[in-house]
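Enquirer: So the sequences go chain by chain: A and B.
Just so you know, this note's numbering puts 98 at position 98 of the first sequence, and the rest follows in order with no gaps.
Just so you know, this note's numbering puts 68 at position 68 of the second sequence, and the rest follows in order with no gaps.
By construction, these hints were calculated from the structure, which means they are not laboratory data.
Here a beta-carbon is modelled for each residue, glycine too, at the ideal position from N, C-alpha and C.
Do not take every clue at face value.
Derived DEER-like restraints, expressed as beta-carbon distance ranges [said to hold, decoys possible]:
#	chain 1	residue 1	chain 2	residue 2	range
1	A	Ser-114	B	Asn-71	44 to 50 Å
2	A	Ala-17	B	Thr-2	36 to 42 Å
3	B	Thr-20	A	Val-82	24 to 30 Å
4	B	Arg-22	A	Lys-56	46 to 52 Å
5	A	Thr-51	B	Ile-12	29 to 35 Å
6	A	Ala-53	B	Thr-2	22 to 28 Å
7	B	Glu-53	A	Glu-8	36 to 42 Å
8	A	Ser-58	B	Arg-15	23 to 29 Å
9	A	Glu-15	B	Thr-14	43 to 49 Å
Each chain, letter by letter, is given below.
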Amino acid sequence: GNSVTQMEGPVTLSEEAFLTINCTYTATGYPSLFWYVQYPGEGLQLLLKATKADDKGSNKGFEATYRKETTSFHLEKGSVQVSDSAVYFCALSDPMEYGNKLVFGAGTILRVKS
Amino acid sequence: ETGVTQSPTHLIKTRGQQVTLRCSSQSGHNTVSWYQQALGQGPQFIFQYYREEENGRGNFPPRFSGLQFPNYSSELNVNALELDDSALYLCASSEGTSSYNEQFFGPGTRLTVL
């Protein structure tokens, strides 16, 4: 079945450091890929997405490139801020499956220190 | 435009009881999905409703059931509550069921089963 694997956290960085959160996936079809962010006490917000190979999703300084050859969708940001502290979820939606259900990774906690 | 709303925010029940959670979808959205997020884990797909019909179900027992109403709002019902049902329940709405359709999440209902 479909699955998503994320690097384990928590990830602790100083402000302005470079961020990478690894994400790899397994899918029977050709999935759409997403990064969601969850701030403390809140629901999920879509951060960025990519729907085909070599697509780059970007938003608020975050980027991720859909790499079909390595089945990866790593999240990067050049300079993190304290306000980026949150839980980040990688997810996929497989068009070969009925409906557009999302399959999530376990999440990676990011803590940014000032 | 009103986003996805959920009620109640928090709920405490005892083992064996029944609970109903409610979700109002974003305006113009005809698809609602429900997810269970246990503490420290990624959300798990429960089921999806499209135009009042169930449109896919995850690996949850039949005591998890749902409804979608003509205005596309939705309910999640859980019978015979168990301690492991304690979780954040997230509702998400989208314009359709394509894997390209973005899902918009509500803030969630925190269920505690004692």
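Enquirer: Look at each hint and say if it fits the structure.
Expert: How the hints compare with the structure:
1. A:Ser-114 to B:Asn-71: 44 to 50 Å: Holds, since A:Ser-114 and B:Asn-71 (Cβ atoms, about 46 Å apart) stay within the stated range.
2. A:Ala-17 to B:Thr-2: 36 to 42 Å: Holds, at about 38 Å.
3. B:Thr-20 to A:Val-82: 24 to 30 Å: violated, 39 Å
4. B:Arg-22 to A:Lys-56: 46 to 52 Å: The hinted range 46 to 52 Å is violated for B:Arg-22 and A:Lys-56, with Cβ atoms some 38 Å apart.
5. A:Thr-51 to B:Ile-12: 29 to 35 Å: For B:Ile-12 against A:Thr-51, whose Cβ atoms are near 41 Å apart, the range 29 to 35 Å is violated.
6. A:Ala-53 to B:Thr-2: 22 to 28 Å: violated, 36 Å
7. B:Glu-53 to A:Glu-8: 36 to 42 Å: Holds - the Cβ-Cβ distance for B:Glu-53 and A:Glu-8, about 39 Å, lies within 36 to 42 Å.
8. A:Ser-58 to B:Arg-15: 23 to 29 Å: This hint is violated: roughly 46 Å between Cβ atoms.
9. A:Glu-15 to B:Thr-14: 43 to 49 Å: 45 Å Cβ-Cβ, so the 43 to 49 Å window holds.
The earlier numbered hints that this structure contradicts are 3, 4, 5, 6 and 8.
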